[in-house]
Amino acid sequence: MTDRTVISHKNTWPENAAQLIGKTKIVLIPFLVGLFTVKLAIMLATDGSQVGRVVQSLEKNLLTPIPLCFLLGIFCSKVHAGVSIPKELYYSIAIFLLMSIGFVGGHELAHEYSVHGVATLWKPAFVTLFLGVLTPITSFCVLRFMGKMSVADAAGVAAHYGSTSAVTFAVANAFVEQAQHPANSFLPTLVTILECPGIAVALLLGAALSASERAKKAEALGTPLKASRLREALYEVVTGQSIMLLGGLLFIGFVSTLFMDPKGFQPFYDFFQSKGMLFRGALCIFLLEMGIVAGQKLGDLVKIGPFLVAFGVLMPLIHGFIGVYLGYLAGLNLGGCTVFGAIVSSASYIAAPPAVRMSLPEANPTYSLTAALAITFPFNIALGIPIYFEMAKWVGAH
Amino acid sequence: MDLYPLKLVTVIGESLIMRDIAEKGVKLGATGFTITQVEGDGPRSSQNVEIAPGGKTLKVEFVVPTDVATTILTHVSEEYFEHYSIVAWLSDVMVIRGALYLNGIK
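Just so you know, the protein sequences line up as chains A and B, in that order.
Using the working numbering, read the first sequence as starting at 14 and increasing by one per residue.
Using the working numbering, read the second sequence as starting at 35 and increasing by one per residue.
No wet-lab data here; the hints were simulated from the structure.
A quick note: this is a predicted structure, and the numbers were derived from the prediction, not measured.
Just so you know, not all the hints are guaranteed correct.
[As the list claims (entries may be wrong)] The calculated DSSO-like cross-link candidates involving lysine-lysine, where the alpha carbons are at most 27 Å apart (straight line), are: (1) A:K230 - A:K100; (2) B:K93 - B:K61; (3) A:K161 - A:K276; (4) B:K58 - A:K230; (5) A:K100 - B:K61; (6) A:K100 - B:K90; (7) B:K93 - B:K58; (8) A:K276 - A:K288; (9) B:K90 - A:K316; (10) A:K230 - A:K161; (11) A:K406 - A:K73; (12) A:K406 - A:K136.
[Unchecked claim] So the derived label-pair ranges between C-beta atoms look like this: (13) A:F272 - B:R53: 35 to 41 Å; (14) B:W123 - A:E72: 54 to 60 Å; (15) B:D126 - A:F158: 30 to 36 Å; (16) A:K73 - B:W123: 55 to 61 Å.
[Stated by the list, open to error] On the chain B side, residues computed to face chain A include the following (Cβ under 10 Å): (17) E48; (18) L50; (19) I51; (20) K58; (21) G89; (22) K93; (23) Y114; (24) E116; (25) H117; (26) W123.
For every residue, glycine included, the Cβ atom is placed at its ideal position computed from N, Cα and C.
Could you put together the complete structure from these sequences and hints?
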């Protein structure tokens, strides 16, 4: 019995090879076609034209380790390669990334604060708060009225798109640094501000609009009306890992820069910043795992339908543009506008899912998770960020 | 050695709700519980993504008398079956020192 089980799992090599080639095609063909299109577009686009510049930015971004590691992850998941990043390592890296972004951000914020006070800070902070409230509402309206989704599903997805993804921030930051246009130092503060309001607004919207539906259903079935767990869900968001580590380390970095002797501070800074080496390396491992997970989720694209797929690409572009433009008006530099566009357009997949699951259990998580992880995240790291970079140049940021 | 006939309540589901179920089980009369992380697949499994918090699959077990078992299972089915990926069952077990698991005796 045991022998038979073992044998049935082993493919003979021609079958295995054929399978491997088949699956390789799924990943490689779109990639090669994409690369070829980009090359062709470069050749066609005349030098200096807007399209030509966008295309060049795309090419520069795509062939760098971070997006390529993500692609490798997708490839591995498709060919069932023997790569699996231990979950504990993944969580550890997530903690390191959040702490590092927070600490370095807090340090830079302290510098900015000691030089300019709050003069350069309040406008971007206000714009961030405004966008945190706006993006879930626009997402909800598009999903509800154009996509004809149920109130709960639309609010669930809107909560993901209203919040932000710290990893998208990290990748965008690495991109603008490689492009020699580092972002304003207070961007990590904006990520922290952007994390919560989007989720809160979408969940409140969902809870308010679905309350009558729930009451009707409870009456029809004769079951007692279940209490909404909105309060618990919001508590969960505010005390979640992203806010606690990012916000907490931001505070620690800020306070210790102001009050600590610079010599004593240096080792902490060296560890968390490490000239970007540790951070970028860790990001590559992280993105490999993200690629594996996104690859597993690709199959769900069929389930969520073409509307949500289009939403996952177009909504970030619209939000990204609004982010870039308002960021420019608030006084961000070229790198700052790019990163700001990226964080406004990105969808959360850490803070939002449990909050939505708790307060709107009737929303189908497959929709939001697939859209956020398998569409918007890959889109942003591969194509979105260079596009926001060009948008920022176009609106006149420098 | 005395063996007592008792019931084993097993609930498997997404980690987001399992802590609550375990705690509620104790409130409903269980003297304790065991939580294990497990893996599996089912019609609603795609709702779970392990890298998102709450995305693991956990198993909660209670050894309880029949009346408590029924209360726990009723609570779980009314509260969670509609929207969450979850499975629950009841089995007969023979337990050493079974008197410890009876309600009120500790």
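Hints, verified against the model:
1. A:K230 - A:K100: violated, 40 Å
2. B:K93 - B:K61: It holds: about 18 Å lies between the C-alpha atoms, which stays within 27 Å.
3. A:K161 - A:K276: violated, 59 Å
4. B:K58 - A:K230: holds, 25 Å
5. A:K100 - B:K61: Answer violated: K100 of chain A to K61 of chain B is near 33 Å, above 27 Å.
6. A:K100 - B:K90: The hint holds at about 11 Å.
7. B:K93 - B:K58: Holds, because 15 Å separates the two Cα atoms, which is no more than 27 Å.
8. A:K276 - A:K288: Roughly 17 Å between the alpha carbons, so the hint for K276 of chain A and K288 of chain A holds.
9. B:K90 - A:K316: holds, 22 Å
10. A:K230 - A:K161: Satisfied, since the Cα-Cα distance of roughly 20 Å is no more than 27 Å.
11. A:K406 - A:K73: It holds: about 16 Å lies between the C-alpha atoms, which stays within 27 Å.
12. A:K406 - A:K136: holds, 20 Å
13. A:F272 - B:R53: 35 to 41 Å: Between F272 of chain A and R53 of chain B, where Cβ atoms are some 39 Å apart, the hint holds.
14. B:W123 - A:E72: 54 to 60 Å: holds, 56 Å
15. B:D126 - A:F158: 30 to 36 Å: violated, 54 Å
16. A:K73 - B:W123: 55 to 61 Å: holds, 56 Å
17. E48: Holds. Min distance 8 Å.
18. L50: Where the cut-off is 10 Å and the nearest Cβ of chain A is about 5 Å from L50 of chain B, the hint holds.
19. I51: holds, 8 Å
20. K58: With a minimum Cβ separation of about 14 Å from chain A (threshold 10 Å), the hint on K58 of chain B is violated.
21. G89: Interface hint status for G89 of chain B: holds (7 Å vs cutoff 10 Å).
22. K93: Where the cut-off is 10 Å and the nearest Cβ of chain A is about 17 Å from K93 of chain B, the hint is violated.
23. Y114: At about 8 Å, which falls below the 10 Å cut-off, the nearest Cβ of chain A leaves the hint on Y114 of chain B intact, so it holds.
24. E116: Hint on E116 of chain B: holds, closest Cβ of chain A at ~8 Å, below 10 Å.
25. H117: holds, 4 Å
26. W123: Status violated, d = 22 Å.
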